[in-house]
Structure formats: structure tokens, C-alpha cells
Amino acid sequence: MIAEAADEKPRDGGEGLTFWFLGLVLLIILPALNVLPSDDSWLHVSDFTLNRFGKFLAFAILALGLDLIWGYTGILSLGHGVFFGIGAYCIGMHLMLTIGTESVYGNDLPDFMVWNQVKELPLFWKPFYSFWVAVLGAILVPVFCALIFGFLAFRSRIKGVYFAIITQAVALSAWLVFNRNETNLGGTNGLTDFKQILGFRLSESGTQRALYVITVLALGGAYFLCRWIIQSRAGKVLVAIRDSEQRVFFSGYSPATYKLFVFVVSAGLAGLAGMLYVPQVGIITPGQIGVLPSLEMVIWVAVGGRGTLIGAIIGAVGVNFGRSILTNYFPELWPFFLGGLFIAVVLIFPDGLVGLMRRLTIGSVRKTLGLEKPSAASEGAQP
Amino acid sequence: MSNKGSIIYLEEVTVDYDGFKALNNLNLIVEYNELRVVIGPNGAGKTTLLDVICGKTTPASGRVIFGKDINLIGKREDQISALGIGRKFQAPSIYANLTVWENLDLSLKRESKGIFATLMSKPTATEYRTIDEALETIGLKDHPHRLAGSLSHGQKQWLEIGMVILQDPLLLLVDEPVAGMTDKETEQTGLLLQALAEKHAVIVIEHDMEFVRQIARTVTVLHEGAVICEGPVEKVQADDRVREIYLGRQKVAYT
Amino acid sequence: MQGRELTGVKDRLGIGAIAGVAALALFVWGEFARAVEASAAPVLSVPSIAGPLALADVKALTERLASDDPAVHDQAFRIIIQTGDARFLVLLDEAVVDADRATRVAVKPVKDLLKNKLKLASETDDVRRSAAADLGTSRQLSAVPWLERAAANEPNRWVRYAMEESAALLQLTVGETVLKARAATILGELQSQNGLPALKEFVQQAASDPVSREANQPALRAAQGAIEQIELWSTWANVFETVFRGISLSSILLIMSVGLAIVFGLMGVINMAHGELMMVGAYATFVTQELFKAFLPPHLFDAYFLVALPVSFLVAGICGLILEATVIRFLYGRPLETMLATWGVSLVLIQSARVYFGDLTAVTAPAWLSGGAQVMVGVYLPYNRLFIIGLSVLCVTGIYVLLFRSNLGLRVRAVTQNRNMSACLGIPTRKVDAYTFAFGSGLAGLAGCALTLVGNVEPGLGQNYIVDSFMVVVTGGVGKLAGTIVAALGIGSLNKFLEPSFGAVYGKVFILVLVILFLQRRPSGLYALKGRQVD
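Chains as they are written, first to last, in numbering that gives the first Met the number 0: chain L, 0 to 382; chain H, 0 to 254; chain W, 0 to 534.
Just so you know, these hints were derived from the structure itself, not from any lab. A hint or two may mislead.
For lysine-lysine, the following DSS-like pairs were computed, each having C-alpha atoms within a straight-line distance of at most 30 Å [what the hints assert, rightly or not]:
#1 Lys55(H) to Lys158(L)
#2 Lys158(L) to Lys20(H)
#3 Lys140(H) to Lys67(H)
#4 Lys55(H) to Lys479(W)
#5 Lys74(H) to Lys20(H)
#6 Lys158(L) to Lys479(W)
#7 Lys158(L) to Lys183(H)
#8 Lys430(W) to Lys158(L)
Chain L regions said to be covered by chain H (calculated; three or more residues, Cβ under 8 Å) [to be verified]:
#9 231–242
#10 252–260
For each residue, glycine too, the CB sits at the ideal point set by N, CA and C.
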């Protein structure tokens with residue numbers, strides 16, 4: 000009987016190995032290559048590259064959360080940009096306030112407020128003088144928003160296409176509101192020109208390296224959190240909701256509670272991602288939280304392979320890497336590429352890169368061994 | 000709970016779908032440890048009846064009382080399930096992307112099915128044993144780690160029955176359990192249902208008269224959303240109105 | 000047999016389309032003919048009233064006009080005003096060519112006054128009307144009798160209105176005290192929007208001046224009454240216009256979302272590229288216009304829009320057919336994936352349009368759709384918006400006929416309700432899907448064509464409306480046309496109603512909140528198909 004429990008696990012074993020390998024590369028080798036070899040060595044990883052990877056890994060945290068809700072639970076949220084944005088703005092507000100009199104106008108107030116002739120710091124900005132309030136806020140405010148929205152949506156059993164559309168409308172609304180000047184969030188230009196974080200200069204490579212390492216650690220933490228969830232019985236309930244929500248009801252679970260839980264967790268992860276993104280990139284604008292960015296996030300997960308945690312990470316890093324290359328050399332082609340990716344990932348390889356690799360390896364291994372024993376992955380296809 | 004009185008009691012229940020009355024002032028009482036078979040032509044409201052009991056459909060009027068005095072109207076499906084009503088659907092409804100074992104594990108009756116309990120708890124040795132027994136009962140002992148989606152149709156039906164059994168409900172609602180089964184499977188299913196009726200109350204909806212004769216003690220005939228006849232199989236088969244509904248539609252048309 | 004029935008369906012579809020276009024043509028023909036007639040008329044034609052005048056005489060008059068002596072000035076002024084005609088105006092222009100600045104300054108108001116006086120007799124409604132309005136603010140009491148005379152013979156209601164309004168306005172601002180009360184009353188009865196500032200100014204002045212207070216008492220009271228009357232009226236006029244704007248926006252939303260809703264009901268698919276099909280329709284209109292410009296004589300130009308309507312429908316419909324055959328066909332039963340794939344399609348379409356057409360172009364609305372009709376004081380309904388409303392009514396009627404009176408419609412409804420059973424009965428469900436999808440896409444194209452009348456043509460055009468139309472579909476529910484209509488009207492009107500007090504942005508947010516709350520009560524929209532759901 001105990002043996003049965005043991006062979007519950009192996010399905011995720013391969014993924015775990017990949018994770019540890021990636022973790023080693025990202026956490027130790029990349030920073031080491033940034034510090035140790037001289038600048039002109041071919042082994043050297045430039046500050047720019049490291050910083051760029053830091054950004055991608057922040058996105059990967061968000062992708063994990065999105066995978067949890069879409070890949071495992073089957074709920075498509077097209078509004079995760081909003082949670083990312085709230086997290087980003089929370090830390091962004093703190094960074095704005097720490098600029099102090101270093102700003103262009105030399106005023107205590109953020110530049111855009113001086114520009115908009117705001118005389119006094121709005122009340123909701125004041126708590127963000129504290130770094131820890133900002134950090135907590137970056138996670139808790141998205142969680143709170145997700146709690147309210149999710150409660151309303153799941154309670155009334157809004158699901159499938161309806162849920163996707165409503166979340167998209169939320170993304171649009173949030174984008175519109177963040178764009179306004181009178182909300183005192185920097186309008187179209189967003190928050191930028193940050194100078195320091197906790198007294199460390201953001202322009203120094205040491206600070207950026209530290210932020211990178213923190214991001215990798217946060218990603219690791221997020222990975223273990225998600226892994227723990229999906230391997231628990233609650234994780235099975237999530238998959239069960241995707242397969243047959245009705246049966247979940249009759250098995251005595253309340254799907255709304257589980258959906259709300261996973262929605263809130265993924266919102267928190269999105270907020271965390273936004274929080275790590277801002278100091279590394281140095282700017283947050285409404286343009287990063289609207290309808291299109293929210294959809295792009297879904298595509299990261301789809302490209303990597305939904306329903307596998309490692310897939311979400313690979314997808315987020317891969318798509319963004321491709322994006323930074325393509326928009327650099329062929330800016331006109333990027334929308335074509337992205338659009339093509341949307342279509343291809345759905346039509347041609349619905350299980351994403353991970354699924355593709357798994358299919359290839361399993362296929363070739365089985366062929367070379369001449370095995371006929373069906374494996375878990377291909378079994379579903381047989382009648 | 001005492002074994003006296005009814006386990007489910009429906010009074011004057013009406014379900015209205017845009018003017019079409021799927022149930023029309025229906026009255027039904029099922030006792031503890033009873034195996035009740037509900038038959039009736041297509042559209043008689045059989046499945047709607049089960050929908051009302053398990054909370055999937057809210058009736059426009061009427062009362063639905065479970066056990067001594069628990070009003071079921073307005074309760075959510077999972078709350079009703081937690082009270083001890085299990086349901087097996089017509090088309091097998093299982094979790095295709097979970098293994099057989101996980102399917103059963105999720106269905107197992109537990110103290111709490113809230114989010115924190117399921118996040119934290121691990122299956123106990125007793126639970127392993129219970130699931131093993133269920134695997135044995137439903138004949139899937141050799142495939143605990145196959146994905147449920149890859150099972151054959153009959154195996155899926157049995158898996159769903161197993162899932163409902165593990166819920167250990169006081170009342171079991173079974174919708175056409177033998178549809179698409181071979182004769183042998185049908186017979187086994189009949190035996191299983193009869194065994195279940197020893198400890199639980201069971202309501203079975205069925206078309207297959209052969210099967211009805213095999214398992215039924217009391218039969219209820221539904222027609223146009225209302226009960227028109229109730230009693231032992233022989234009595235029901237001898238009833239004029241029942242014969243009219245099943246056989247003599249032309250006769251009705253003439254009159 | 001199936002094949003033959005299907006061609007029958009196609010024929011009916013064709014006939015329906017032709018009939019629709021024909022009706023549309025009839026609908027606009029009257030206005031079109033009238034507009035052409037009007038634009039052919041001469042701008043200014045003035046009957047001569049005075050005898051021949053020499054340039055020298057005119058010069059002398061202008062010099063006297065610039066005189067410091069008021070008596071001399073007034074006399075010259077009176078002569079010019081009373082005897083001036085079109086030829087005199089020309090002479091007047093010549094006379095001041097080399098005059099000094101003081102003379103030119105003195106001549107300017109006289110010239111304007113004379114011009115407007117002559118324009119009162121113009122044959123064009125708009126010219127007479129604007130002349131009357133100009134005279135109303137000229138502060139020249141001598142214009143009052145002209146206006147009254149012109150008003151007596153004026154055939155056009157709204158020009159007459161402008162004349163009466165201006166006459167009363169002049170009486171109030173520069174007329175004699177005893178006549179002011181009557182003037183104020185007239186302005187009030189006319190609900191004159193232009194008179195409102197003058198009335199307020201008058202009240203303020205009269206109230207603050209203790210000397211004339213007594214004499215002005217009756218006029219003061221009349222003016223106060225008039226202000227109240229006008230303000231009340233303008234509130235109503237505002238409400239009316241808001242309703243109209245709301246209906247007009249709703250119409251665009253409706254044409255857009257009805258296609259979306261039918262496809263959603265039939266296939267459970269939300270086409271995220273629907274907005275881009277609308278963009279395709281808008282560009283089809285643009286290209287039609289350019290082709291007319293390039294290859295056809297100018298007098299046919301105004302007809303381009305009538306051609307553009309079916310063209311945009313067909314082009315978008317064909318795009319929809321291709322989209323269905325290449326993408327959506329493979330994604331049945333996977334609605335969420337379909338959303339993502341069609342969103343990809345929309346990105347590709349937008350970028351293609353951007354690369355090919357550039358960022359911003361505009362369509363020139365045909366002459367017969369510019370301008371508008373005044374229905375009440377202060378309420379002006381532009382023709383282009385009226386046209387859009389008419390078009391949406393036509394579309395809905397057409398869809399209704401197609402859905403409930405045609406063979407195809409019967410099949411669409413059958414497949415919507417039970418796909419498997421329909422397939423068993425021999426309905427070619429995939430073909431029904433494809434045609435319906437193409438039809439829905441065509442409707443989006445039509446919406447795009449209509450949209451060119453009120454906005455620019457740009458690659459991102461569809462994005463502005465798409466989320467709103469999704470909300471319409473979600474709120475309206477699936478399976479009933481009425482739901483979509485009610486939801487489109489509701490959301491469109493609410494948008495316009497909330498705009499003034501909330502601002503466009505918060506209005507939208509507010510509507511989203513309302514929709515979410517509404518879905519609490521009815522999770523599957525206004526009109527959901529009830530019954531045993533097959534999960």
C-alpha cells in the first residue's frame with residue numbers, strides 16, 4: 000500500500016530534475032559568469048544580459064501562477080496584467096518617493112505631480128514611504144482585488160468564455176483608469192526615473208545583480224509553492240474541476256472555493272512578479288497592464304506547455320527572449336510573429352514546447368526499445 | 000439517524016422550463032434502505048427529478064425534504080452531497096486526467112472537503128484500505144494508476160459507481176446505470192445495486208425492463224412530470240394507464 | 000437532395016441581400032436628390048434696389064462714415080444701409096482699398112451689416128439662417144425690421160425661427176425699454192438657446208442698476224421667466240440628444256455584436272478577430288472610395304457608399320469563411336483555445352493593415368450623408384448617425400427574416416439547440432457553421448463600413464469596440480436575438496448617459512461593475528435557453 004503511494008510521484012520526476020539543473024544555471028553559473036571572467040572574455044555575461052534575464056524570470060513567476068489557474072484548473076484569465084500592474088505600481092510608488100529631491104524639479108513630490116500641479120502628496124501614496132508596506136502591498140493588494148472579483152465571478156458560476164471576457168474587460172478598465180492623470184499614478188508615462196532601493200543605487204551593477212538573485216530565489220519559492228499545491232489533494236481537485244466541474248460538486252467539493260483559492264494565489268504571484276520587475280526594468284506604464292500584455296502572458300504559458308510548471312517557466316523566458324531579439328532587429332515583424340505564435344500554439348502544438356519534447360523523447364525511446372506498453376501521456380489517445 | 004420514516008420526500012414539486020413543465024406537482028416518498036426504480040417514457044421528467052433532489056435544478060414550487068427535516072431547496076450541489084446524497088450520471092462523469100486511484104481518493108467521504116484540509120492532509124492507512132476495497136468491488140484492481148480517460152466505457156461506468164459508493168451516501172441516485180453495458184456487466188451491476196440497497200437508499204432510473212425486473216422491488220412510473228402509478232413490478236405492469244402510455248398511444252389519439 | 004436544398008438557401012440569401020440594398024437605396028434617395036439640388040444653386044443673388052452709383056460717391060460716403068461728427072456718420076450710415084445692394088458692396092470694397100485705417104475700421108461693421116442684410120434674401124437656407132444669426136448679435140437696431148419682414152415671407156421653419164430669434168434678441172439688447180419685456184417673452188417662447196446669455200446679462204444689469212430698476216420691472220420679470228423656460232427646455236433637449244447619441248452608439252454595437260452572438264450561440268466560439276473583420280469592412284469601404292475617385296467621373300462619387308456597403312459585407316464575409324476553414328474548424332469544442340487563436344489572427348490582421356495602409360486614413364462621407372436634420376429647438380440629428388440607426392434596424396430585420404423564415408435559419412436554430420441531433424437528422428452542421436460564421440463576419444464588415452461615417456479608418460479600429468461588444472454578448476445571453484438587442488441598447492445608451500457625469504473612462508468602469516453584478520443574478524445573460532443542459 001505504501002508502495003502505491005510511492006509510485007504516485009514519478010510522473011513529475013523528470014520535471015524536478017530539469018528544475019534543479021535550471022536552478023543551478025540561473026542561480027550560480029550566470030551570476031558567476033557575470034562577476035568572474037573579464038569583460039572581454041567570451042564566457043562573460045554582461046550586466047545587460049543578466050538584467051534582461053532577471054526581467055524574464057520575473058515574468059516566469061507570473062507564468063507559474065497563470066499556469067496554475069489556466070493549465071491546471073482550466074480557467075482562462077485574460078486580466079492577469081492587472082495584478083502584475085498593481086504589484087508593479089506598489090513598489091513603483093515606493094521607488095518614486097525615495098527619489099526625493101533628486102528629481103528633475105527638485106521637489107519632494109514625484110515629478111509628474113509637480114507637472115500636474117498637485118500640491119500635496121495624495122493620501123494613498125503616504126504609506127508607500129515604507130519599503131515593507133510597498134512589498135507587502137505588492138502582493139496583498141492584488142490578492143485582495145482577486146478575492147473580491149473572484150468571489151463575485153465564481154459564486155455566480157461565471158466560467159469559460161464568459162470569465163475570459165469579463166477579465167479582459169477588467170484589464171481594459173484598469174488600463175483606462177491607470178492612464179488617467181487624476182488618479183495620480185503617473186498617467187500614460189507611468190512611474191520611472193527611479194534612483195535607489197533601500198539606499199542602494201539602482202544604476203550600480205551590484206544592486207542589479209542582487210535583484211537578479213532575489214528574483215531567481217523568488218522564482219524557486221514560487222515553483223515549490225505551486226508544486227506543493229498541485230501535488231496535494233487540492234491540486235487534484237483543481238484538475239478535477241477542469242475535467243468535470245459537475246462531478247466535483249457531487250463529490251462534495253465546492254468548486255467556487257477552489258477556484259477562488261487558485262485565482263488568489265495566481266494573483267499574488269503576478270503581484271510578486273510585478274514587484275520584482277519594476278526595480279530591474281526601471282519603469283512601469285499602463286501599457287504593460289492592458290489587454291494585449293495580459294493576453295501575451297497567457298501565450299507564454301501556452302508556448303511553454305500548460306499543465307507543467309517547468310513549461311510555464313520555459314515559455315515565459317523563451318517568448319520574451321524571442322521578443323527582445325525580434326523587436327530589436329525586425330520591429331515590424333514582431334506582431335506577425337506573436338500572432339502566428341498564438342495560432343500555431345493552439346493549432347499545431349497544444350501541449351507547448353514541453354509537450355513537444357516529451358512526445359519526441361517518448362516516441363524515440365519507445366521506438367528504440369520496441370516497447371508497446373502504453374505510457375501515461377499517450378494513453379488518452381487510445382480508444 | 001433512525002431508520003424510520005422517509006429518506007426523501009417530495010411534495011407538489013413543479014419545474015418549469017419556459018412554460019414546459021418538466022415536473023408537474025410531483026409527489027414522491029422513498030424510505031430508508033429502499034431500492035426504488037423510476038421508469039417512464041422519454042421526457043417524463045425522470046432526470047429532472049434527480050436534478051431537483053441533488054440541487055442541480057431549483058423547482059418553481061414544492062417541497063423537497065431529506066431525512067427528517069432537512070430542506071434541500073436552495074442548497075448548493077456540494078452541500079447536498081455533503082449531507083449524504085450521491086449521484087451517478089447517465090453518461091459516465093469521471094475525471095479523465097486523473098488516475099483511477101485519484102478519482103476514488105477525491106470521492107472518498109471525509110470530515111472536511113475544504114481547501115485547507117485538502118492542501119494539508121495525506122491519505123491514512125484506513126483510507127488506503129477503503130479505496131483498495133472499492134477497486135476490488137468495481138473490478139479495477141489492476142489499473143489504479145491508469146488515467147481514467149483511457150478506460151473503456153463500461154469501466155468508466157463502474158469507476159463512477161465506485162466513486163459514488165466511496166462517498167458513502169445515505170441516498171444514491173443512479174441514472175441509467177446499464178446503458179451501453181454488455182449483458183454480463185448488466186447483471187453484475189444489478190447485483191451490485193441490490194447489495195448497495197442493503198445499506199443505502201437507492202433511486203434508479205432505467206429503461207431496460209429486463210433489468211428493472213431483475214432488481215426492482217417498488218417501481219414508480221412517471222409521465223408528463225407526474226407520478227401515475229407506483230407499486231411492485233407486477234402491479235405496475237398490469238396497470239392500464241401504464242400500458243396505455245407505453246403501448247397504446249394510438250388509442251389515446253383515437254379518443 | 001441536401002445539395003439542392005442548400006443552393007436554395009444560397010439563392011434566398013442572395014435575394015435577401017439585393018432586396019436589402021434596394022431598400023437602403025430608396026431610403027436615402029430623397030435626401031440625396033435634395034442635397035444635390037441645393038449644392039447646385041448659386042450662393043448669393045441680390046435684387047437691385049438702388050440706382051447706379053459711382054465709385055466716387057461711395058468713396059465720399061466712406062469718408063463721411065469715418066467722420067468724428069456723429070450726425071455726419073449716422074447720415075452716411077443710413078444711406079448705405081438703406082440703398083446698398085450687391086454692386087454697392089463691390090464698390091465699397093474698391094473704395095476702401097487705399098483708404099486709411101480709421102476709414103477701414105469704420106466701414107467694416109457697415110459692410111458686414113449690409114452683407115448680412117443682402118444674404119437674408121439668399122436662396123440657400125443655410126445662408127439666410129447664418130445671416131439672421133449674425134444680425135442677432137450685431138447690436139444694430141435697424142436690422143429688426145429687415146428680420147421681421149424676412150421672417151414674414153420665410154418658407155423654412157428653422158430659418159424663420161432664427162430670424163424671429165435675432166429680432167427679439169436685438170430688441171432685448173439695444174431696443175427701447177418698453178419693448179424689452181415683449182422681446183424677453185418672445186425669446187422665452189422660442190426656447191432660444193442663443194438668447195440665454197443675453198437674457199442673463201440683462202437681468203444682471205437691470206438688477207444692479209437702481210435707477211432703471213423701476214422702469215425695467217416688467218421686462219425683468221419677463222426675462223426671469225424666459226430664462227427658466229429656456230433652461231428647462233435645454234435640459235430636455237440635452238436628454239433627447241443623449242438618448243439619440245446612445246441609440247446611435249448602440250446601433251454600431253448592435254450590428255457588431257449580433258454577428259458575434261449568433262456565432263457564439265451556434266458554435267460556442269467567441270471570435271476575438273471580430274473587431275478586425277470590422278476593420279476589414281472599413282478598409283473595403285476606403286478602397287471602394289479610392290477606386291471611385293480613380294476610375295469614375297466625379298458626379299458618381301457620392302454613390303460609392305452604396306457600393307461599399309455590399310462590398311464590405313462580402314469582403315469581410317469571405318475573410319470569415321477563410322478564417323473558419325483554416326483555424327476555427329480545427330478547434331470545435333475548445334472555446335478558450337479558439338479565443339487565443341483568433342486573437343492571434345487579429346494581431347496579424349492589424350499589423351498587415353498597418354504595413355499596407357499606414358496608420359490613419361479617412362473616408363469622405365458622401366454629400367447626402369453630411370449635414371443633419373433639426374427636429375426641435377436645440378436638437379440636431381446628423382444624417383450619418385440616422386443612417387447608422389436605419390442600417391442597424393435593417394440588419395436586425397434581415398437577420399430575423401433569415402433566422403426565422405428561411406431554411407438556413409431553421410438549420411442554424413436546430414444546430415444551436417442540439418448539434419448532435421441535428422447532425423443525425425442529416426443537417427450538414429459543418430456547412431451551417433461555415434455559412435453562419437461567414438454571415439456573422441459579413442455583419443462585422445457592414446458595421447465597419449458604417450463606422451467610417453463617424454470616425455477615422457485605422458488599423459486599431461476594431462479594438463475600440465470589441466470589448467464593449469463582448470460585454471453585449473455576455474449580457475445578452477445566447478440563443479435569443481432579443482437579448483442581444485436589449486443588451487446593445489442598454490450598454491450603448493448607458494455609455495452615453497454616464498459620460499457627462501462620470502467621464503468616458505469611469506463610465507466604462509461603472510458599466511463593467513454593473514455587468515458583473517448583473518451576472519450575479521443571471522449568470523448566462525438576459526435570455527438563456529432553459530432546459531436540461533447537457534454537460
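Each hint, compared with the structure:
A hinted pair counts as satisfied when its Cα atoms are at most 30 Å apart, and Lys55(H) with Lys158(L) qualifies at roughly 16 Å. Proximity of Lys158(L) to Lys20(H) is assessed by CA-CA distance (about 28 Å); at most 30 Å being required, the pair is judged to hold. Restraint check for Lys140(H) and Lys67(H): not satisfied, since their Cα atoms lie roughly 38 Å apart, outside the 30 Å limit. Note on Lys55(H) and Lys479(W): the hinted pairing holds, with a Cα-Cα distance of about 23 Å set against a maximum of 30 Å.
Distance restraint check for Lys74(H) and Lys20(H): the Cα-Cα separation of roughly 22 Å lies within the 30 Å cut-off, and the hinted pair is therefore satisfied. Taking the CA atoms of Lys158(L) and Lys479(W), the gap is about 20 Å. The hint holds against a cut of 30 Å. For the hint linking Lys158(L) to Lys183(H), the alpha-carbon distance of about 41 Å lies beyond 30 Å, and the restraint is violated. Distance check on the hinted pair: Lys430(W) and Lys158(L) sit about 28 Å apart at the alpha-carbon level, within 30 Å; holds.
Residue count for the stretch 231–242 of chain L with a Cβ under 8 Å from a Cβ of chain H: 9. That meets the three needed, and the coverage hint holds. Counting residues of the stretch 252–260 of chain L whose C-beta sits closer than 8 Å to any C-beta of chain H gives 6, which meets the bar of three, so the coverage hint holds.
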